[in-house]
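Visitor: Build out the structure end to end from the sequences listed, making use of the hints.
Those protein sequence lines, which keep their order, are chains W and A. Per the working numbering, the first sequence runs over residues 1 to 236. Per the working numbering, the second sequence runs over residues 1001 to 1295.
Because the hints were derived from the structure by calculation, they are not lab data. Accuracy of the hints is not assured; some may be wrong.
[Unchecked claim] Under the rule of at most 25 Å between Cα atoms (straight-line distance), these lysine to aspartate or glutamate pairs were calculated in the DMTMM-like manner: (1) K183(W) / D204(W); (2) K1041(A) / D98(W); (3) K75(W) / D98(W); (4) K1293(A) / D204(W); (5) K131(W) / E1182(A).
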Amino acid sequence: MTSSGAALRVQNLHAFYGESHILHGVDFEVKRGELVTLLGRNGAGRSTTLKAIMNMVGRRTGSVVIDGRETLRLKPHHIPRLGVGYCPEERGIFSSLDVHENLLLPPTVRSGGMSLDDIYAMFPNLHERRKSQGTRLSGGEQQMLAMARILRTGAQLLLLDEITEGLAPVIVQKLGEVLAALKARGMTVILVEQNFRFAAPLADRHLVMEHGTIVDEITPGELDAKRERLNALLGV
Amino acid sequence: MTTLLGVPIAVFMGQLTLGLVNGAFYALLSLGLAVIFGLLKIVNFAHGAQYMLGAFAALLSMRYFGTNYWAALVLVPLVIGGLGMLLERFLLRRIAHLDHLYGLLLTFGLALIFEGTLVNFFGVSGARYATPEALQGGLNLGFMFLPTYRAWVLVAALGMCLFTWFMIERTRLGAYLRAGTENAALMQAFGVNVPLLVTLTYGFGVGLAAFAGVLAAPLYPVSPTMGSSLLIVVFAVVVIGGMGSILGAIVTGLAMGVIEGLTKVYYPEAANTVIFLVMILVLLLRPAGLFGKEA
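Guide: Below, the structure written as structure tokens:
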């Protein structure tokens, strides 16, 4: 079992794509209701960490305990059913489905997901464009759709990969409001992010990755003291 | 005698009907290929053999178990579709991670095994499957005589095409299928059992071929090679319609049947090649096919 209140505990996680060894023993724990960021340069292994949690990599070893359950041997389609929602970096909007169909696509994994009305109230643009082909939306709207569709499923642990990448500041601000609202609802969020200014005010903790492992953990109180080291690690 | 574009109307309409019936088979078979290609990305070379197995299963189940046509129409697609699911589960899945060429080669090999086995037991000459009593005879439309069975084939094949289109385009299961075609890994990350979806899809595509086989049994001689000759035309239809396009498969199948039928009226020498000429034209002008999406 995880220590009390832990939504996710990752221990000595290694991930491989064919011969490539990408994660080299990742260790961290996320408590229920926490918002934790994974920071690091491109290629540090942040996206692979999310994929490894979802069992979307070629091979993985170590331990990934979700909600008290070891998932290393679970098939990929069983992991979301533990209440996990995954939003990929490339957004993964389906071009053969319209906005409404995209929204309804992921099966419900737990009770207590947001209703369609709630979702459309949170993202009014999506309601206006619900009959449009998913990939005809703007980048910002596609990102909102990618987020919105996992909120419907009842997932309580959200893995969000680079959700602000390439978006206009006004959309980034909106996504920040959405994340704050989700946190207020008690959801647990792991956020892979490049945009530190976006992540800083939202996060309870920052985990910094380099070379496929976690090299530092920074709480908001330590930010000023560790600013220089963080900038060096992020290559800013 | 009334003529249409210089041809007696009875001849014209007769060939048009024949073309539509052939087109209905092209549509059903290319639809199955399109469904399979969409999700598995495998060009199912065993499709013709699976169509032939459908016709043979109808013939043999009548001969040995007294299964009538109507029961065969329901049971045979289920049994042959089930066989397809076993093939997917135990053979195709093992090579799913390899280049799609291996799937093509494997299904081609399977087709040869199915055909060879049946040739060994039944020879190459075709056997006759009696037209069910209720569908014997025909309707005199005044300008032509329409055999009831051909009319039924047209209705049944189009009904099945419409049902398939509806299932894929208008249901939740169909949405899973379309989405799985685009990004199977993400569908798994949403909790959809994609391997099961793949097995069911292959079984359904094979079941469609077997359904076409049962429909064909009273029309054409039932022989082990009946599928291989048809399959080449069906592949041309799929290329014209666009690989993986559901609507493309249905519309192109019917259209090519009609074009082939009418060519028989006006320039019979070209009737066997006209579909391939259209295919060449389409490949030159619109390589993704009439209904396919440009890559």
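Visitor: I'd like to know which numbered hints this structure contradicts. Please list them from smallest to largest.
Guide: 3, 4
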